[in-house]
Amino acid sequence: MIAVFIPSQLTSYTDGVSRLTAAGGSIEAVLDDLDRRFPGLKFRVVDEQDRIRRHMRIFKNGDRAQDVRAAVGEGDEVLIFGALSGG
Amino acid sequence: MAATQLLVGTRKGAWIYRSDAARKAWSVQGPIFLGHIVNHLVLDPRDGKTLLMAASTGHLGPTIFRSVDGGATWTEAERPPAFPKVENGRGPARSVDHSFWLEPGHPSEPGVWWAGTSPPGLFRSADGGATWDGVAGFNDHPMYWKWCPEDGGTPDGALLNQIQIDPRDPRHMYIATSTAGVFESHDQGAGWAPLNQGVEASFLPDPYPEYGQDAHYIALAPTMPDRLWQQNHCGIYRLDRPAERWDRIGEAMPKEIGDIGFTIVPHPRAADTAWVFPMDGTEVWPRTSPDGKPAVYRTRDAGASWERQDRGFPTEQGWFTVKRQAFCADKAASVGLYLGTTGGELWMSDDEGQAWRPIAAHLPEIYSVSAAPLP
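If you read the protein sequences in the order shown, they are chains A and V.
Take the first sequence: its position 33, counting from 1, is numbered 33 in the working numbering, and each next residue is one higher.
Take the second sequence: its position 314, counting from 1, is numbered 314 in the working numbering, and each next residue is one higher.
Treat the hints with care, since some could be wrong.
[As the list claims (entries may be wrong)] Here are the simulated lysine-lysine pairs, BS3-like style, with alpha carbons at most 27 Å apart: (1) A/42 x A/60; (2) V/85 x V/24; (3) V/146 x A/60; (4) V/85 x V/49; (5) V/293 x V/24; (6) V/24 x V/255; (7) A/42 x V/24; (8) V/85 x V/146; (9) A/42 x V/85.
[Claimed, not checked] With the C-beta cut set under 10 Å, the calculated list includes, among others, these residues of chain V facing chain A: (10) 58; (11) 62; (12) 66; (13) 69; (14) 77; (15) 82; (16) 84; (17) 86; (18) 88; (19) 93; (20) 95; (21) 96; (22) 355.
No wet-lab data here; the hints were simulated from the structure.
We put the CB at the ideal spot given by N, CA and C, even for glycine.
Please model the complete structure; the sequences and the hints are all you need to start from.
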């Protein structure tokens with residue numbers, strides 16, 4: 001399983017939970033798993049062209065992911081953050 | 001009874017104001033979705049209870065929320081407006097930044113809604129806003145990239161900013177865009193043609209092109225739907241179909257005021273009457289009330305002449321900006337007018353614009369105000 005951090009911007013989807021686990025062999029698969037459990041979550045993070053939205057950030061084990069196709073494996077950690085987006 | 005509800009979308013959430021029968025006392029519900037960017041909040045006039053909200057946030061992608069209990073609880077669209085995924089890099093990859101305009105479908109089509117987005121896209125829902133599909137007749141039109149170039153548009157992005165449906169015929173539609181002006185469809189969106197003759201685009205080499213205008217707002221006269229009113233980036237226009245050439249009725253505005261603005265509001269019954277909220281379009285385009293003296297202007301003769309209505313507004317240092325969806329009318333016997341400013345003030349008139357008074361202040365920047373009768 002993959003450990004996932006959910007930012008405050010998305011905890012309305014997860015009943016307030018910010019740390020959970022998900023299954024999948026890529027960041028996209030992890031997001032798909034989350035979306036099945038928390039419908040609508042993925043599209044708020046990734047657009048219809050599978051691009052990470054401009055003010056969202058995804059990290060895999062501390063390294064920023066630029067592409068949702070990045071592979072993840074057992075024991076990895078995926079961190080989702082809301083980045084700076086203006087006042 | 002004229003009890004009215006005002007649905008207010010702001011840069012940081014939504015509010016609903018509800019009046020007594022005299023439209024004197026107002027109660028407030030909100031904030032709803034505090035911190036969310038709410039471009040439009042609309043009541044379905046066909047059932048009098050369903051609300052749709054176009055929302056996004058600074059971080060999160062765009063979505064549509066729906067309420068059937070007056071805004072107490074909301075559900076999110078299962079499939080919000082989104083362009084098709086482009087496979088293998090074939091063609092520009094569009095993604096919806098935000099939904100800007102929500103339009104209830106024709107009365108003969110309960111459950112149908114239309115949405116206009118940025119970048120320009122036309123979307124349709126047949127299930128009350130739960131799932132949305134792109135309208136290929138516009139989004140995939142062979143001329144789309146000419147009409148909606150990638151570098152076009154407003155500071156908040158290029159817009160398909162309005163959808164209007166002929167109350168006599170659900171197949172007959174108009175849309176307004178910020179990159180190509182007005183378009184008409186006779187087949188419910190399958191085909192579209194520009195409808196911009198006579199409308200200026202002073203920012204292009206050819207100032208009267210077939211398309212390329214910035215149509216800030218269009219409205220059909222409710223009791224005479226062959227009459228279209230338009231507040232354009234370059235003036236105020238009227239078009240009486242089947243004619244195809246718009247008349248610049250803003251030429252009759254006082255020269256020191258001009259005819260620049262974001263929006264135009266038709267009278268619900270008197271087809272020759274409409275209101276505008278002029279803004280300063282000189283030099284660097286401040287888009288504030290000319291000379292810091294807010295006023296609406298009313299025509300009662302289809303644009304041949306205009307009268308100033310400013311009683312109750314600040315007489316000096318009032319630098320209002322009123323955006324596209326932020327000026328509206330109710331349908332009461334003495335028509336109520338409502339406008340919201342980018343400074344977060346909500347104003348009303350209950351006597352067809354003769355006198356104005358504030359309803360609320362200190363709200364976030366107001367993007368939209370729509371009025372509906374209270375059940």
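Consistency of the hints with the structure:
Between residue 42 of chain A and residue 60 of chain A the alpha-carbon distance is near 17 Å, which keeps this suggested pair within the 27 Å criterion. For the hint pairing residue 85 of chain V with residue 24 of chain V, the CA-to-CA distance comes to about 50 Å; that exceeds 27 Å, so the pair is violated. At roughly 40 Å between alpha-carbon atoms, residue 146 of chain V and residue 60 of chain A are farther apart than 27 Å, so this suggested pair is violated. Only pairs whose Cα atoms come within 27 Å are accepted, and residue 85 of chain V paired with residue 49 of chain V is rejected, the gap being roughly 34 Å.
At most 27 Å may separate the alpha-carbon atoms for a hinted pair to count; residue 293 of chain V and residue 24 of chain V meet this at roughly 25 Å. Of the pairs offered as hints, the one joining residue 24 of chain V and residue 255 of chain V is violated, with about 35 Å between alpha carbons and a cut-off of 27 Å exceeded. A C-alpha spacing of about 45 Å is found between residue 42 of chain A and residue 24 of chain V, which places the hinted pair above 27 Å, so the restraint is violated. A threshold of 27 Å between alpha carbons decides the hint, and for residue 85 of chain V with residue 146 of chain V the separation of about 21 Å falls inside it, so the pair holds.
Our distance criterion of 27 Å between C-alpha atoms is met by residue 42 of chain A and residue 85 of chain V, whose separation comes to about 15 Å. A least Cβ separation of about 3 Å between residue 58 of chain V and chain A falls short of the 10 Å threshold, and the interface hint therefore holds. Because the closest C-beta pair between residue 62 of chain V and chain A is about 8 Å apart, less than 10 Å, the hint holds. At a threshold of 10 Å, the smallest CB-CB gap from residue 66 of chain V to chain A is about 12 Å, leaving the interface hint violated.
Interface restraint check: residue 69 of chain V against chain A, minimum CB-CB distance 18 Å, threshold 10 Å, status violated. For residue 77 of chain V, the suggested interface contact is upheld, since its CB lies about 8 Å from the closest CB of chain A, less than 10 Å. For residue 82 of chain V, the interface hint holds, the least distance from its beta-carbon to any beta-carbon of chain A being 4 Å, beneath 10 Å. At a threshold of 10 Å, the smallest CB-CB gap from residue 84 of chain V to chain A is about 7 Å, leaving the interface hint in force.
Hint on residue 86 of chain V holds. Least Cβ distance to chain A is approximately 6 Å, under the 10 Å limit. Checking residue 88 of chain V against chain A by beta carbon gives a least distance of about 12 Å; that is not within 10 Å, so the hint is violated. Hint status for residue 93 of chain V: holds, given a least beta-carbon distance of 4 Å to chain A, under 10 Å. A hinted interface residue such as residue 95 of chain V counts as satisfied when its beta carbon comes closer than 10 Å to some beta carbon of chain A; here the least separation is about 4 Å, so the hint holds.
Evaluation of the residue 96 of chain V hint against chain A yields a held restraint, the C-beta minimum of about 7 Å falling below 10 Å. Checking residue 355 of chain V against chain A by beta carbon gives a least distance of about 36 Å; that is not within 10 Å, so the hint is violated.
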